[in-house]
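Asker: All chains, please: the whole structure from these sequences, using the hints.
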Amino acid sequence: MKILITRIAICYSLFFLFGGLQVKGQSTFCNVQKETIQEVLNSRKGSSVEYSENVTTGIAFLLSTECDTALNYFTAALKVNQTPSLSKLISDMSKGSHAASSPPPSAAAPVAAGSVNNSSSDEKKENKNTVEATSNPPTNSTETPSPTNERTTSNKSFTEEELGAFQSKGLMKVKKLMDYLEVIAQKSTPQTTANSTIESAIGLFDSENRVVGVTSTSRPGGREYPVRTYLTRLRMMNYEKVVIEAAAFTYVRSFVQGPDGNYYGIARFRQSFTGYRENKPLYSDVTTKTVAVVLKPYQKAIEGESIELWDVFLGDISVQSIDKGK
Amino acid sequence: MKLSVLASLFSIFSLISNAQQLQTADLTENFALSVQTIDDFFDRFNLEPNTPAFQYLQENYPDFKFDRKTIIFSLFDQGNRSLDANIINEFATQFESDSATKIRFELPGWYSVLHCLVKIKNKLHKLDLIMEIDSVHLRSGSIGYKWSIRSVKAPYIHTQDSLSKKDSTAIYKASSDFLHPMSHALNFLNIKNIFRKGMTRSYFAKEADSPDLDSLVSLIDKSQLKYVQLESVSYHIFQLPGWIVEVNNFDRLTRNSGWLISKLLSADENEKKKYMLSKLNIR
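Top line first, the protein sequences correspond to chains A and B.
Read left to right, the first sequence gives residues 1 to 326 (my numbering).
Read left to right, the second sequence gives residues 1001 to 1283 (my numbering).
Keep in mind the hints are simulated off the structure, nothing from the lab.
Each statement offered as a hint is correct.
Lysine to any residue pairs mimicking SDA-like chemistry, simulated, CA-CA at most 25 Å apart:
(1) B:Lys1069 - B:Ser1097
(2) B:Lys1065 - A:Ala248
(3) A:Lys187 - A:Thr36
(4) A:Lys176 - B:Glu1029
(5) A:Lys169 - B:Glu1048
Answerer: Rendered as structure tokens:
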């Protein structure tokens, strides 16, 4: 049985790489070949959680071609376990030019030795009720209007009733994001579906530059991941099964207008997570996620005329880890 | 009078801190009763009927009657033994009436303190940024809000080189950069933006006038000070006549959790001014 589970896991990893990476149309990332990436992913089998966490996060950044940040994680992983495949990957990276952009100042610090239990496994969410990906097809992200990137001071004011309606729509988008997270994390979700779900999830945000900030009560400070990196990392979590329970209560804060004329609100929800490997719970925690909801204008062309319309989008996300079970 | 005695007054909230319940923590109920944000704290203190936690209680405990005094009791950190129960009772009694003073998010008289970690000459230092909600008149006639820097507090900051006259009289740059009014709910995830070279001044509050802020700008612009991380956040509330209230976050799996009162001081207006100067570096 163990062997079967391991093989299934390897198959999924391979499927992820050779399905997922093809979407991007690249064979190398930060000068690293796909085959090497796969070998490093495989090296997580039977390794410590700390090694596995750093490798997984590093590869998530690698696939987003954030080479410097990825290298930080791989270096941290190498301190835990000097696997040949990881050494080769780091060597390949150092031969490259690392032309990709540098991370923001506080971007994602690797899991430090001795702090493994504080790691941000908040991303490893899935639902207790297995989500049938095929029965819950992601919406086409192209249907989602794109907000204007420029910050403008709008003349628009809304009544309480209108704001309430937008608030309900914002909450629907937050719930949709929660559904997407479950689909993405679930190992039974076909890779092609996971890829399109990642795109749909990103389409809920007003910008791909939005970040997911992760903090823990037991470790001050925090780390940040761009949305795409966060979702990619979520997909790659090295668990064979995950169980998520969500609180039935969602806290929603009504909109407050900002100096740019846009309206800002939040939705908060709580989830517990348990990740299993070889049928044993390997990690569990409880997190509170806070999602910014922004009501802002976007332009739409109707019969040759550009018209300003308003819609709600998701903004940054804060993830607070409250309790570590394991 | 001990706080535990007062807890019997809390009715449903008195169940909250029962440690036995931690083992069978009800994910939903703990979360619903947890004080989610500082504005949720204000809503509860003010007994706003639309507060999500109250709606949750009404739906799930229709027989439970709560009043403002009970709710104010529930806003204290019940694990804090340094809080004097007599003072808490005096405080709650003063504001138990519906007509008693309420705390207003959009009004001045409350501050957020961001306890940051920064790096100067490769050494880590603590730095407190004191923030307030600033209002902006919009073309629509409505008012927008943002979080702005009111002051800075760090033992080393005034010892740094002072600004040149040119720097200190620099004109505020009209900027589209700002911290949106719900930044606090996201644990000020966007705070690193203000530590960018040439950008800090655009985040100043209208009333920010501390010379220490000029020193901070100088250090950032000379790349001598680098932001590392935000360690924690606390709130200091001066809007209530006769009192200073400090609120901190208690993230734990109990119903008495979230943003709760950790310190309560009886203070007249003069004492408030002294406190603001000594603790927050606000003149």
